[in-house]
Amino acid sequence: MLNLLLSRLATAIPSIVGVVIVTFMLTRMLPGDPAAYFASLAASPQAIAEIRTKLGLDKSLPEQFVGYIGDLLQGNLGNSLSTGQPVVAEIATRLPASAELTLFALIVAVAIAIPLGVLAAVKQGTWIDHLCRIVTTAGVSLPVFFTGLLFAYVFYYLLQWAPAPTGRLDVFLSPPTHITGFYLIDSALTGNLEALWGALRQLALPAISMAIFSLAPLARMTRGSMLAVLGSDFIRTARASGLAPGTVIFTYAFRNAVLPVITTLGMVFSFLLGANVLVETVFAWPGIGLYAVNALITSDYAPVQGFVLTMAILYVALNLTIDFVYGLVDPRVRLDS
Amino acid sequence: MLPLLRHARYVLSENPITGLAFGLFALFLIAAAFGPVLAPYSPLQSNAAMALKPPSAAHWFGTDQLGRDIFSRVLVATRLDLAIAFASVILAFLLGALSGVAAGYFGGWTDRVVGRLADTIMAFPLFVLAMGIVAALGNEVINIVIATAIINFPLYARVARAEANVRRDAGFVEAARLSGNGETRVLLGHVLPNIMPIMMVQMSLTMGYAILNAAGLSFIGLGVRPPAAEWGIMVAEGANFIQSGEWWIALFPGATLMLAVFCFNLLGDGLRDIIDPRMRT
Amino acid sequence: MTAVPALSVEDLSVEFRTRSGVVKVLEHVGFSVDKGETVALVGESGSGKSVTAFAVMGILDAAGKVTSGRALFGGADLLALGEHDLAEQRGRELSMIFQNPRTALNPIRRVGLQIADVLVRHGGATRSDAPRAAVEMLKKVRIPDPERRAEAYPFELSGGMCQRIMIAIALACRPALLIADEPTTGLDVTTQAVIMDLIGELAGEAGMATIFITHDLALAAEYCDRIVVMHAGHIVEAAPGRELFAHPRHPYSAKLLAATPGETVSLEKLASIPGGLPDLRRPDLPACRYSDRCERRLDQCAQPLPQRTVGERHVVACWNPL
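Residue numbers (our numbering), protein chains in the order written: chain A, 1210 to 1546; chain B, 2 to 282; chain C, 4 to 325.
Don't read these hints as lab results, they were simulated from the structure. It is possible that some hints are incorrect.
[Stated by the list, open to error] Among chain A residues calculated to face chain C with C-beta under 8 Å, some are: (1) D1338; (2) R1342; (3) F1364; (4) N1401; (5) R1445; (6) A1449; (7) A1453; (8) G1455.
[Unchecked claim] Which stretches of chain B does chain A cover? Using the computed rule of at least three CB atoms under 8 Å from a CB of chain A, they are: (9) 188 to 200; (10) 216 to 229; (11) 240 to 252; (12) 262 to 275.
Backbone N, C-alpha and C fix where the C-beta goes; we use that ideal spot for every residue, glycine too.
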């Protein structure tokens, strides 16, 4: 198993290298004089020149790259223009909010998509198969920011079932004691039922909007994979051996069918992390997505670049985890490596 | 050509929804081409007295906070949105297909470089990368096209590479080589045209995603700027008024956006069924 | 002979719905297998041998439908049983093993567990003692180092070993009937012999009836008591093995024999059978599906096939037998 972990880590290294190079290029690609973007808008030419020296923008490109890597290793992502705070600190404070939203959305999506896909495959041609077909075709067409808005309008404004989309917790409640930064976990751990329920209520709409977006690829993959497995030779053997239908579908078929679905999770995360930005904007969710969007509006570039780098590293780590989990679950990979 | 048309008619008869998609597509094309002419009002003309009016006979989709007719704006926005999507898909195709066929055909270093490039792009969550690119290149519409093209590049490159690889030793390629054509000529003049149908299916399948991407970027304020009429930015403007109940400002552009994406996805599926049903998942 | 046969298939007809129409894959197929007897179902690829087995087991593809016939087994008609009752019988009273043993086993489940699954389901074993019983089965099919091998996955084992695992799964609950669908195709010749010997031995021990499906007539002759010859969904001849080889009465059987290398025919004298299987999608198929390529065809052959008894347990479906 250690071999598996090491081999997977090795494949992640070129990705990280690529990510760092690309983000470096992005920071140096700014039109016009890059230094001007890191000074405040009303800066004098002298101040800009100072910033240019301070940021090392007068040096050659390779030297700048080395400087960039040095900064990254020290955890220095620059400072936000609007707040003057280090970007790293601001991202760290906001990361749990985004992580909680994304993970919760993924859990909801998986909880709906996988049973849907399995049932659609097992009961081909029935209403559930058609429902799955509709979900997968319509799901990829839905603009996540629009569905989020629609939900907010219908469930908050019209029906008043959901609370106002003003963030992670209603203004009258105080956040639970900080342990992980995940409100759901923290309030459960400290027995703070009021905060737990409050956080759940605020989480519902944005998470469901995001979940709908990722339902489609998951359900389609599950259904397709399950169908393929159900038609395979070893399922025929299992049926010929008279095994109970439950055993055939779950112990034999599903465990094999779920393998390609795990691989699909990588792509699903790519969608989710992108949708995260849009959903946080719609629901004023205080995560790193909203942070970046606000920074964009004020032409504050350091946070945007810090955001892109953070998301990329997160994504590489997630893909690594998925790869590793897959290796654990599929003995053909585990024993071969 | 004729057997293809006959097959197309068979597919359409089996799947009436695809026929519907083709019809919708035609409508969108008409809106894109003749939008400004067909619009009852000028999309930019504000009229403070008529601000925030719900849908009525005079204003089918209502008016926004500046009194502009939303129907006209939605109609005219079709051109911009479709143009952005088409341009990015074509650009992605040019970049991706050319590098992909070269990688699949020549192998070796070309393959490794293109592969490394595609992998690096795929190491990012795609929308986030697009945000970063537009932020870096500047807040212009052309940069949305470039960013969307870049994030679609890996997909096109991979498909083109696989197809070129399969055809590398095919009969017609051998024949072309033996006729004295140089490798580049064989690649561009014989292999590339041969994979065009499959690439066209890819293009139609990714059109929907390109429209969504462009709308998403403009929703968060990148690329398109007011007072331009574009579906994403109109939804963003309308978002401010949802909480006070003026639902029409965001709804109509959003619904049109959804319809357009849905139409292109169905179209892509239909085209794929006509050209190569084996690609179905 | 006087005892009730283990399996008696009567007038079995199967249709398949395809894009090009309905294909009558099997027509009026009938044969029986006695307790302790080994019957070979022999024919070219596409003759319907496997479809017959699948129909009896109730594992036909969704596009297939049994349109007539009975399969009497253990006092019940298998074809009339519901899925639930059929599943009770499968694996316990009647079992099947398949070709391509590697793909016929669950690739991500240890082989010992796969045997244990059947034991728990039908054999009355509990989850805790089933693994030990599985190891016993592995010993019975002569797998060396059975305790360790039980923990292996199919991809770690050779084709021959996988086939033994399948045999272990099929025989774990001591069924009365075993259907073996081309079990040695794809295995090397030595392993083929070993597997066939193993099946024969285990079947003999338990007094089990066996149906052995193959396209290899020589193999059938060597290991089976009786041979049933199929052609394009029809049974054309059925006879004890030696009798068929000595006196084939159907023109097709004779041609098959002439095309089989062995004691009677050497490699140089092999003859091929002219023509090919008829296209079963045709609506105008003749009553005898071999008549289009038969040299002995008479006008009478347009009539529905007879069942002529031409010797001891020797039946032929031909108007103009040899």
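Hint check results:
1. D1338: Result: violated, 13 Å to nearest chain C Cβ.
2. R1342: 18 Å, violated
3. F1364: Cβ of F1364 of chain A sits 42 Å from chain C, so the hint is violated.
4. N1401: 42 Å, violated
5. R1445: 6 Å, holds
6. A1449: 4 Å, holds
7. A1453: 6 Å, holds
8. G1455: 11 Å, violated
9. 188 to 200: violated (count 0)
10. 216 to 229: holds (count 6)
11. 240 to 252: holds (count 7)
12. 262 to 275: holds (count 5)
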